[in-house]
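J.: Sequence:
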Amino acid sequence: MEFWFMLICGVLAALYGGLILVYRNWFKRLKPFELSKALEPTVFFSIIIPARNESANIEKCIQSILAQPYPLYEILVVDDHSTDDTPLLVTKLSEQYPQIQLIHLKDHLDGQSTNSYKKKAIEIAVEKSMGSWIVTTDADCLVPPNWLQYFNAMILTKDPVFIAAPVMFTLNGTFVGQFQVLDFLSLQGITAAAVSAGSLSMCNGANLAYSKNAFEDVGKFNGIDRLASGDDMFLMHKMKKQFPNRLAYLFNIEMIVTTAPMPNWYSFIQQRIRWASKADSYKDKKIFGVLLLVYLFNLVLLLGLLGGIFSLELLLFTSWVIAIKTLIELYFLVPVAQFFKLEKSLLLFPVMQPFHMVYTVIAGWLGKFGKYQWKNRTVH
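Numbered per the numbering used here, the sequence shown spans residues 1 to 380.
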């Protein structure tokens, strides 16, 4: 029995390790997109911010956008049934800045419930938008100073219909915050690496831009609106299918949108369950295959540690595999951390391994078979 377990674990380890090494090679090939100062502001952007109970963050988010030197944009904040001062704060800002518009989602639902309020919020905002390009971010995010200038430059020089860009958590000095930074670092690295290989496979709605015409051409969120999450990833896959060579990733340190990590383990797990809930809905089998490999490998390692209670040989074997896994992942993460200027965070990476394996298995299982809490809503 132990032999077959070790064989399966070894095969999964070889596949996983090979994949991570390939990702590192792809990431190292990626060249930053450079901003040409000669390009004039041309594209009018409609920035959409869905917001629910974000009174602690919404003003800072909007102010970071207003600090842009780029002149051609509007801000549409869609309030999703907030019970705090979010709409009041946005209203006050809109009185001072005419480019800000507040939309109340409840005024457009006719009392109906939906499984994806965020997708509905974006669709309604797009209908009311004036721009030829939609830019999305989250209400708890801060955008960089030249954000729109970079989007404008890429649109004018590369002719894409969909642009993803980097997102990163801010360091807050807590263990759970540091864990999220390292976990997200790997996701961002894989996103960029896939672009280098010629295939945008992941993205984050906190830093996206897409053509309004293309959004309408793919049928908006039709066909993917039954899922609570996925306003970014599933839309990307629809765009990829209809416009296979016109998706881009804006790789530049000046394009990083930042947000705070979840404040505790419970909210972090709830967020990751939400992300995992859409895993088996991906039509791109390559992405599903990678997710399945990651899940199975971590599950087998946990089972190996549990089995090690009864077998010293199994415990030693599993420990060696985990050590090799850690080294390979660090080898991949070093250039990624250098890009995000988070090299010091890697010192804690080995300590995070057990937590990462446990959360991957729990979030993956509950994402498929459980329910989760998000923004004070229970989602099945």
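These are computed hints drawn from the structure, not numbers from a lab.
All figures in this text were calculated on a predicted structure; none of them were measured in a lab.
A virtual CB, placed ideally from N, CA and C, is assigned to each residue, including glycine.
One should not assume that every hint holds.
Stated by the list, open to error - Derived CB-CB ranges, DEER-like:
| no. | residue 1 | residue 2 | range |
| --- | --- | --- | --- |
| 1 | SER94 | TRP265 | 34 to 44 Å |
| 2 | LEU15 | GLU40 | 41 to 51 Å |
| 3 | TYR266 | ASP84 | 35 to 45 Å |
J.: Under the constraints set out in the numbered hints, which ones does this structure not fulfil?
T.: Violated hint: only 3; rest satisfied.
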